[in-house]
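A.B. asks: Line by line, the protein sequences are chains A and B. Per our numbering, the very first residue in the first sequence carries number 1; after that it's consecutive. Per our numbering, the very first residue in the second sequence carries number 112; after that it's consecutive.
Bear in mind the hints are in silico, worked out from the structure with no lab data behind them. A virtual CB, placed ideally from N, CA and C, is assigned to each residue, including glycine. A portion of the hints provided could be inaccurate.
[Stated by the list, open to error] Now the stretches of chain A that chain B is said to cover, found in silico as 3 or more residues with beta-carbon under 8 Å: (1) 38-50; (2) 101-108.
[What the hints assert, rightly or not] Computed list of lysine to aspartate or glutamate pairs in DMTMM-like fashion (alpha-carbon distance at most 25 Å, straight line): (3) A:Lys3 / B:Asp170; (4) B:Lys114 / A:Asp82; (5) B:Lys164 / B:Glu190; (6) B:Lys166 / A:Asp31; (7) B:Lys168 / B:Glu141; (8) A:Lys3 / B:Glu167.
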Amino acid sequence: LAKTTQPISMDSYEGQEVNITCSHNNIATNDYITWYQQFPSQGPRFIIQGYKTKVTNEVASLFIPADRKSSTLSLPRVSLSDTAVYYCLVGTIFGNEKLTFGTGTRLTIIP
Amino acid sequence: DVKVTQSSRYLVKRTGEKVFLECVQDMDHENMFWYRQDPGLGLRLIYFSYDVKMKEKGDIPEGYSVSREKKERFSLILESASTNQTSMYLCASRLTDYSNQPQHFGDGTRLSIL
Chain A
1 LAKTTQPISM DSYEGQEVNI TCSHNNIATN DYITWYQQFP SQGPRFIIQG YKTKVTNEVA
61 SLFIPADRKS STLSLPRVSL SDTAVYYCLV GTIFGNEKLT FGTGTRLTII P
Chain B
112 DVKVTQSSRY LVKRTGEKVF LECVQDMDHE NMFWYRQDPG LGLRLIYFSY DVKMKEKGDI
172 PEGYSVSREK KERFSLILES ASTNQTSMYL CASRLTDYSN QPQHFGDGTR LSIL
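Given only the sequences and the hints, what does the whole structure look like? Please build it.
C.D. replies: In C-alpha cells form, the structure reads like this:
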C-alpha cells in the first residue's frame, strides 16, 4: 500500500492558482491517484483521479510525472469556498480497498 | 448524483451500550465502507464490504462489527461502546472494485460516548 505525504497546511489568496503536491514513492503499477476535498462537518468529496500525465475536469487539474512518484493537484483561481482539507490517495483499482487517507492538506484561502 | 445517507448526524450514547450506525446508498453500488475520522489521524478504515453478506476487516476493526443484508444498506455496530470510540464516522460506497470508480461519502455521524 503506497503511503502518501502532503504538506499539512497551505495558505493562498483569492484568485490565485494553488498547487498541492503529494509524494507517493512506493506507488505500484496498478495504482491510481485520487484526490478528495473535505469541508468541515461533511464527508470527503471526489475531485479528480488519474494514472499518468495530466487530467483536467471542471474543478481541477492533476499532473503526474512519468515516474508517478508524486502528483500535483492544481486549483485554478481559488475562491474562499475552496477553503477545505484536500486528501491524496493512492490505491489499486483491482479490489484492494485498504486505501489510506493521510492527514491531508488544510488549504486556507485568504480574502 | 450518488446519494449516501447516514441515519444520524449526531448521536450520544453511554459506555457499554450497543450502538448501531446505519448507512444507505441509492445507486446500486456493490462496495460499501465504514471509516472513522479523528483529529490528526485522518480517515481510518474500519470495515468494508464487496457485496451483500460479504465483509472485510479494515485497519481498525477491533470493537466493531458490520452487517450487510441488503445491497443498499451497510450497518456499523459498536458491540459495547467505549469512550475511545467517540469519533466522526463516515460511510462511503463505490460502484464496484473492478474499475477506477471513486468512493462517494455520506456527511458523517458524530458519535459521542459518555
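A.B. asks: Compare the structure with each hint and give your call.
C.D. replies: Okay, the hints, checked on the actual structure:
{"no.": "1", "hint": "38-50", "verdict": "holds (count 7)"}
{"no.": "2", "hint": "101-108", "verdict": "holds (count 4)"}
{"no.": "3", "hint": "A:Lys3 / B:Asp170", "verdict": "holds (14 Å)"}
{"no.": "4", "hint": "B:Lys114 / A:Asp82", "verdict": "holds (22 Å)"}
{"no.": "5", "hint": "B:Lys164 / B:Glu190", "verdict": "holds (19 Å)"}
{"no.": "6", "hint": "B:Lys166 / A:Asp31", "verdict": "holds (22 Å)"}
{"no.": "7", "hint": "B:Lys168 / B:Glu141", "verdict": "holds (16 Å)"}
{"no.": "8", "hint": "A:Lys3 / B:Glu167", "verdict": "holds (21 Å)"}
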